[in-house]
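Undergrad: Residue numbers (my numbering), protein chains in the order written: chain A, 1 to 84; chain B, 1 to 566.
Hints in this document: simulated from the structure, not taken from any laboratory. Keep in mind that this is a model prediction, so the values were computed, not measured. The reader is advised that the hints may include incorrect statements.
[Stated by the list, open to error] Below, computed lysine-lysine pairings styled on DSS-like, alpha-carbon distance capped at 27 Å:
#	chain 1	residue 1	chain 2	residue 2
1	B	K21	A	K22
2	B	K304	A	K44
3	B	K174	A	K44
4	B	K49	B	K21
5	B	K518	A	K50
6	B	K537	B	K171
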Amino acid sequence: MNNLEDVILEYVIAEYAEEDDKVTYDTPLISGGLVDSFSMVSLKRFLEVKYKISIPDEDASPEAFDSVNKIAELVLRFTSKKQA
Amino acid sequence: MSNIGSYDERVKNFDWSISEKELGYKTGDVINIGWYCSNRICEMGKGDKLALLWENAMGEEKRYTYNDVRLCSNGIGAFLRRLGLKNEDRVCLFMDRVPELYIGLLGILKIGAIAQPLFSAFGDESLLVRLENAGTSAIITQRKHVSKVHKILDQLPNLKHIIIVDHDGKKELKEREVSFSMEAEKAEKLEIFPTKAESPSLLHYTSGTTGMPKGVQHVHYSLISQYLTAKWVLDLTGEDIFWCTADPGWVTGTSYGIIAPWASGVTQVVLDAGFSAETWYRFIQKHKVSVWYSAPTAIRSLMKAGEEIVKHFELSCLRHLVSVGEPLNAEAVVWSEKVFGLPFLDSYWQTETGSIMITNFPDMKIKPGSMGKPFPGITGTIVDPENHEPIIEPGIIGLIAFRPGWPAMMRTYWKNEETYKGKFKNGWYLPGDRARLDADGYFWFIGRDDDIINTAGHLVSPFEVESALLEHPAVAESAVVSKPDEINMEVVKAFVTLKPGFQVSEELELDIMNFIRKKLSSLAMPQEVEYVDSLPKTRSGKIMRRLLHAKEWGEELGDTSTLEND
Numbered sequence: 001m002n003n004l005e006d007v008i009l010e011y012v013i014a015e016y017a018e019e020d021d022k023v024t025y026d027t028p029l030i031s032g033g034l035v036d037s038f039s040m041v042s043l044k045r046f047l048e049v050k051y052k053i054s055i056p057d058e059d060a061s062p063e064a065f066d067s068v069n070k071i072a073e074l075v076l077r078f079t080s081k082k083q084a
Numbered sequence: 001m002s003n004i005g006s007y008d009e010r011v012k013n014f015d016w017s018i019s020e021k022e023l024g025y026k027t028g029d030v031i032n033i034g035w036y037c038s039n040r041i042c043e044m045g046k047g048d049k050l051a052l053l054w055e056n057a058m059g060e061e062k063r064y065t066y067n068d069v070r071l072c073s074n075g076i077g078a079f080l081r082r083l084g085l086k087n088e089d090r091v092c093l094f095m096d097r098v099p100e101l102y103i104g105l106l107g108i109l110k111i112g113a114i115a116q117p118l119f120s121a122f123g124d125e126s127l128l129v130r131l132e133n134a135g136t137s138a139i140i141t142q143r144k145h146v147s148k149v150h151k152i153l154d155q156l157p158n159l160k161h162i163i164i165v166d167h168d169g170k171k172e173l174k175e176r177e178v179s180f181s182m183e184a185e186k187a188e189k190l191e192i193f194p195t196k197a198e199s200p201s202l203l204h205y206t207s208g209t210t211g212m213p214k215g216v217q218h219v220h221y222s223l224i225s226q227y228l229t230a231k232w233v234l235d236l237t238g239e240d241i242f243w244c245t246a247d248p249g250w251v252t253g254t255s256y257g258i259i260a261p262w263a264s265g266v267t268q269v270v271l272d273a274g275f276s277a278e279t280w281y282r283f284i285q286k287h288k289v290s291v292w293y294s295a296p297t298a299i300r301s302l303m304k305a306g307e308e309i310v311k312h313f314e315l316s317c318l319r320h321l322v323s324v325g326e327p328l329n330a331e332a333v334v335w336s337e338k339v340f341g342l343p344f345l346d347s348y349w350q351t352e353t354g355s356i357m358i359t360n361f362p363d364m365k366i367k368p369g370s371m372g373k374p375f376p377g378i379t380g381t382i383v384d385p386e387n388h389e390p391i392i393e394p395g396i397i398g399l400i401a402f403r404p405g406w407p408a409m410m411r412t413y414w415k416n417e418e419t420y421k422g423k424f425k426n427g428w429y430l431p432g433d434r435a436r437l438d439a440d441g442y443f444w445f446i447g448r449d450d451d452i453i454n455t456a457g458h459l460v461s462p463f464e465v466e467s468a469l470l471e472h473p474a475v476a477e478s479a480v481v482s483k484p485d486e487i488n489m490e491v492v493k494a495f496v497t498l499k500p501g502f503q504v505s506e507e508l509e510l511d512i513m514n515f516i517r518k519k520l521s522s523l524a525m526p527q528e529v530e531y532v533d534s535l536p537k538t539r540s541g542k543i544m545r546r547l548l549h550a551k552e553w554g555e556e557l558g559d560t561s562t563l564e565n566d
């Protein structure tokens, strides 16, 4: 699995979803209560380890982590920066 | 004019009978919180009044009048009785903030059983130790949380019933599972169990420094404190729309998120969604919240979101703001006054006290950063940590102390009378916090007197996290302390040594973090794991958390004479 969104989605489902939680690319993760602010730290750490990036705290807002698609955008922003 | 009027006058003329009279209670009467929070309000002619307005993350709403709450809680009580549950059986509530959680608590109390609310984000290990300790007979939960219960079911022979409130019939019910629909099971009649003042009502678990969580046992008479503190501190009136943002898995969420507002006949609103400033402001605007009881972590998160976003919402409905859970920093008080035109008033209490103890009152001079003054009828002071004598001189740091005897005070720790007795010294109850008094009698919070970590208002035991860390295959030794955090005040940090054959890596750190999150809870998850070659220990081999804590907080190391290899 190489697609960024798919990798994140799979991780979110495996790590944070409870039985019967339906998670899609646009499911609200933070505002929907699936991932709380404490768990967001481990999700951020996963992204940093997996994609070898560093996401500053000011960019790791609940809004930026609120869906798989938004997280993918954030990761792309930092992986592009790294390449540049 | 606020409900309390003059604080000084209230202190002079105080008697808990003020609350008893307002609630129509006399010594020796039956007192059942479930009845007071539903049937009594209906008997007062307010059955059609809205009791609960619930909204979830998708914006779906459910509304319950006081008569609905009466019928639904009767139905839950009747259902539990049909399962064979009786007075003083422990019934756990393990749910997100769904209506069944709020109304379920009343149903449990109505049959005289003991309600044991647990935070739904708890992992299976956290759940196990609490259910095992309480000898819980039944758990009311949602389908999404059932798998956690099944993981530990073999170790819980006393747990006879897993009651699922949202069973859709798609999957067959498993061992010990039973389906329950609150809407379908409404009951006009239920014989209320004749609980008395000292009958047990709730069992809330709180973290201990050196042992496993302690079950704090409360009684039905706690209502007397909870009702009057809500009236005089939260300033609740019949016209208010009240929002308590605390989860009923914790004591604020039951004392002031269920019992006090409903015993007062107030309309309360509940948001079953995660935090975002926009979501919260929209919720306040939409439901015209007038009294808001929240926590410093949430307030600091709102501060971080900025002032601009506030301008997009009509929040003039707010008239009174109160905070609880951690000390409220002066900046947050000043900020809320600037942004909302109202200061957040800090209040101080804990699971064991059951109701607000020290607080800032409406119409009283606010000193931003101060905890305020004791509630009338509460004798509170600062005592010397050594001889436990009151410290008369202002400005000296000591231990917060209360004279026992207020109605909502815990009656014991479940199966742990020895620890309970240890909380009293020289005739004072010691909550375990340090503070100082100023010349005007205001209390100023300093910090905990033990190693307990207060993260976002929730207490986490370092011992519990350290024990869980040792179950990770890579961890040889561990020590857990708090580290400063801008939003949560403190977060959990772990120091670990690794077993031979394991290498330090970022992947391993993430694995350890997730291991704790799933086993205990996200609150207990270390936000940072630091690998060390060895942990500081005394010559007798005891890990010196104190030194690690001092390092994290940039404090003096203090006495290191007992340090091994020093």
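Undergrad: Broken hints, numbered, in rising order?
TA: Numbers 1, 3, 6, in rising order.
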